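**Student:** Chain A is fixed; fit chain B onto it per the hints.
So the sequences go chain by chain: A and B. Residues in the first sequence are numbered from 1 upward in steps of one, following this note's numbering. Residues in the second sequence are numbered from 1 upward in steps of one, following this note's numbering.
To be clear, the hints were calculated from the coordinates, so they are not data collected in a lab. Keep in mind that the hints are not guaranteed to be accurate.
Copies of the same chain are indistinguishable here, so a pair counts whether it falls within one copy or spans any two.
[Claimed, not checked] Below, a list of computed lysine to aspartate or glutamate pairs in the EDC-like style, where the Cα atoms sit at most 16 Å apart: (1) 19 to 247; (2) 19 to 248; (3) 160 to 254; (4) 101 to 11; (5) 117 to 256; (6) 64 to 110; (7) 307 to 247; (8) 160 to 247; (9) 297 to 248; (10) 150 to 248; (11) 160 to 248; (12) 19 to 110; (13) 297 to 110; (14) 64 to 184.
All values derive from a computational prediction rather than experimental measurement.
The residues making up each chain are set out below.
There are 2 protein chains.
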Amino acid sequence: MAPRTAKPLQEFALIRGLKRHFARHTAGLVQGIGDDAAVIETTVPIWWHLTTDLLAEGIHFDLKSAAPRSIGYRAAIANLSDLAAMGAIPRYLLISLAIPKQVSQSHIYDFYRGLMKACRPYGVVLIGGDTSASKTGLFLSITLLGTTTKRRALFRHGAKVGDLIYVSGTLGDSLAGCRLLAQDTSRRSSKKNRSQFSQFHRQFLIRRHLHPTARIAEGQWLNTGRLASAAIDLSDGLSGDLRHICEESGVGAEVEIDNLPLSPACRAYAKARGVSPVQLAITGGEDYELLFTVSPKSHHALERQAKAQGYRMTHIGTIRPRRFGIQMTSQGHRQPLPSTSYEHFC
Amino acid sequence: MAPRTAKPLQEFALIRGLKRHFARHTAGLVQGIGDDAAVIETTVPIWWHLTTDLLAEGIHFDLKSAAPRSIGYRAAIANLSDLAAMGAIPRYLLISLAIPKQVSQSHIYDFYRGLMKACRPYGVVLIGGDTSASKTGLFLSITLLGTTTKRRALFRHGAKVGDLIYVSGTLGDSLAGCRLLAQDTSRRSSKKNRSQFSQFHRQFLIRRHLHPTARIAEGQWLNTGRLASAAIDLSDGLSGDLRHICEESGVGAEVEIDNLPLSPACRAYAKARGVSPVQLAITGGEDYELLFTVSPKSHHALERQAKAQGYRMTHIGTIRPRRFGIQMTSQGHRQPLPSTSYEHFC
Chain A
1 MAPRTAKPLQ EFALIRGLKR HFARHTAGLV QGIGDDAAVI ETTVPIWWHL TTDLLAEGIH
61 FDLKSAAPRS IGYRAAIANL SDLAAMGAIP RYLLISLAIP KQVSQSHIYD FYRGLMKACR
121 PYGVVLIGGD TSASKTGLFL SITLLGTTTK RRALFRHGAK VGDLIYVSGT LGDSLAGCRL
181 LAQDTSRRSS KKNRSQFSQF HRQFLIRRHL HPTARIAEGQ WLNTGRLASA AIDLSDGLSG
241 DLRHICEESG VGAEVEIDNL PLSPACRAYA KARGVSPVQL AITGGEDYEL LFTVSPKSHH
301 ALERQAKAQG YRMTHIGTIR PRRFGIQMTS QGHRQPLPST SYEHFC
Chain B
1 MAPRTAKPLQ EFALIRGLKR HFARHTAGLV QGIGDDAAVI ETTVPIWWHL TTDLLAEGIH
61 FDLKSAAPRS IGYRAAIANL SDLAAMGAIP RYLLISLAIP KQVSQSHIYD FYRGLMKACR
121 PYGVVLIGGD TSASKTGLFL SITLLGTTTK RRALFRHGAK VGDLIYVSGT LGDSLAGCRL
181 LAQDTSRRSS KKNRSQFSQF HRQFLIRRHL HPTARIAEGQ WLNTGRLASA AIDLSDGLSG
241 DLRHICEESG VGAEVEIDNL PLSPACRAYA KARGVSPVQL AITGGEDYEL LFTVSPKSHH
301 ALERQAKAQG YRMTHIGTIR PRRFGIQMTS QGHRQPLPST SYEHFC
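Next comes chain A alone, as it looks inside the complex (with noise of 0.2 Å):
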């Protein structure tokens, strides 16, 4: 027997007092919450950027583990990310959820305060989404969408043989963040563990997985200053983007595995916990940083703005040609770079 989905009266209350809260008007926007279909405008020629995410609990996030908000700030970090990783400015959302009944409003409204957290640096406004009840779990989708001029967005398809292969901030601290805190709820945590490097170091990790930052204005100045070849962002660690760049854009590539930039922070929890601070950066995700590459044309106009701007490049590679595939050499030493997989948890 398939149920009709007529909605219940209070999620009409829910999207009225989420429209209250959340949304706003903004130029451009004709129609927001409330019709058949948002409906936004364009007037100039214009390249439009969808991504979208579904993330569900017991997968993405627990809420037993983490607070609504910081769910919601981290699933908007991943889609502003995306855009960030095509140069593209963010300016609409759009929100669905799959709501449980053991989840209150509270809750809900929680979620959406650490969105648009997240997305309130950059204008972003709410325009629409959907609520449904859930006889499971909670689940989210999110649509963001962004614009460039036309003709001019980063891909992954762009990187030539010969390009260099370059990072944005520091790699592997969410993983090693997320680490922490799992440390914590488990039996296992005891002050000897805690105790052994700095409180500092340990915050700065766990805010790198709980409130890591999308590189928008990076992305912006890499697109619009034609400085990229191609760009993807660091959702699913360097191991697995590097090979989307590289698949997509038909080439190889040799990361230089002395040159990854690692926090200090890092590096102590990699000494503290006797683990390889290398492995940390190629199989982390969630860092959302960017990896793109470079002509060698460009590199200098690339490496003396990001000193002006006070950007972190880390020039970590070269792209090589399809048959070489894809390698991390050390000190002359050369070995494939490993494949992550969704058996790595934290």
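**Tutor:** Chain B in isolation, oriented as in the chain A frame:
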């Protein structure tokens, strides 16, 4: 502990397969599936219309009784119908799925086949989405984009006192079809029950439930011809959806229930089951007909053009001042139009 969101390798293979089978190129599409975001181009001033639905297993569909292809088809129609109510041309589709282990890949493909079957007549192109594992049920999120020319769309908020209320097609068929299917799968089903009215009527109602039509052409005709002052699609049922028009327009309404368009099959079903066909028409959802208002001065043009086009459009009432409320009249008797609620299962 927050698990990492990196995708299992099988998911990338699934995405590649879906892209190969269902994605295709079209003018204006710069980048489809395969980058951080989909990219579409607009060169002339235009309005974009965006609608999104999140469908939850056990709430919107039941995998035990409905085929994946049918679930996909009906999910697409719900979104196409939203665009029909705006008078928009459907263009692009994003689909996200959270997939439990027990759902096979062939089921996923069947779901997409159903979706694309509904979309293909309108040239809608699949440009992106997301796939995720699910530890509980199957969840689907659909985002559909359409266009109209600038400053030309149908909204819920345009109804004025004195406008005539119209509806396309016939009402209550989907609910009757849903009940027939539910009865087939329940233990109470008997041969006697089934033979109470003709197979022809039976099949008509079940088809109206499983294979509804979105009134895309009718919506565009109402919009471009400036025939309607407000419009909505009937997904929640006449009672609920008329209420949306009244709220957004700040008006009341009077529905002449003796004028409600009923199919011969719906009348026969109601007679055989001893239920009121008017009740089916008022509370039945998912008919995906258009409910719209027409100013008295456009009334003759609408009737004439509808006849010429072969569209069935029925005058069912009149917009009244807000203080009038939403009432139904029959042979001089007047009473409030009952509210539907989610608790009504078919």
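**Student:** For each hint, tell me whether it holds in the structure or not.
**Tutor:** For each hint, the structure was consulted:
For a Cα distance limit of 16 Å, the shortest separation of residue 19 from residue 247 across copies, 15 Å, qualifies, whereas the shortest one inside one copy, 42 Å, does not. Only between protomers do residue 19 and residue 248 lie at most 16 Å apart by alpha-carbon distance; the minimum there is 14 Å, versus 40 Å within a single protomer. Proximity of residue 160 to residue 254 under the C-alpha cut-off of 16 Å is restricted to the intra-copy arrangement: shortest distance 13 Å within a copy versus 67 Å between copies. Taking the closest pair of Cα atoms, residue 101 and residue 11 come within 16 Å of each other only inside a single copy of the chain (12 Å); across copies the shortest separation is 30 Å, beyond that limit.
Proximity of residue 117 to residue 256 under the C-alpha cut-off of 16 Å is found in neither arrangement, the shortest distances being 37 Å within a copy and 49 Å between copies. Taking CA atoms no more than 16 Å apart as the test, residue 64 paired with residue 110 passes inside one copy only; the shortest distance there is 15 Å, against 35 Å between copies. Taking the shortest alpha-carbon separations for residue 307 and residue 247, neither the intra-copy value of 31 Å nor the inter-copy value of 56 Å comes in at or below 16 Å. Taking the closest pair of Cα atoms, residue 160 and residue 247 come within 16 Å of each other only inside a single copy of the chain (12 Å); across copies the shortest separation is 57 Å, beyond that limit.
In this assembly of identical chains, residue 297 and residue 248 lie within 16 Å of each other by CA distance neither inside one copy nor across copies; the values are 22 Å within and 57 Å between. Taking the shortest alpha-carbon separations for residue 150 and residue 248, neither the intra-copy value of 21 Å nor the inter-copy value of 36 Å comes in at or below 16 Å. Taking identical chains as interchangeable, the C-alpha atoms of residue 160 and residue 248 lie at most 16 Å apart only when both belong to the same chain, with a minimum of 11 Å there against 54 Å between chains. Taking identical chains as interchangeable, the C-alpha atoms of residue 19 and residue 110 lie at most 16 Å apart only when both belong to the same chain, with a minimum of 14 Å there against 36 Å between chains.
Proximity of residue 297 to residue 110 under the C-alpha cut-off of 16 Å is found in neither arrangement, the shortest distances being 48 Å within a copy and 49 Å between copies. For the homomeric pair residue 64 and residue 184, the shortest alpha-carbon distance inside one copy (13 Å) is at most 16 Å, but the shortest distance between copies (42 Å) is not.
The structure fails to meet hints 5, 7, 9, 10 and 13 from the earlier list, while all remaining hints are met.
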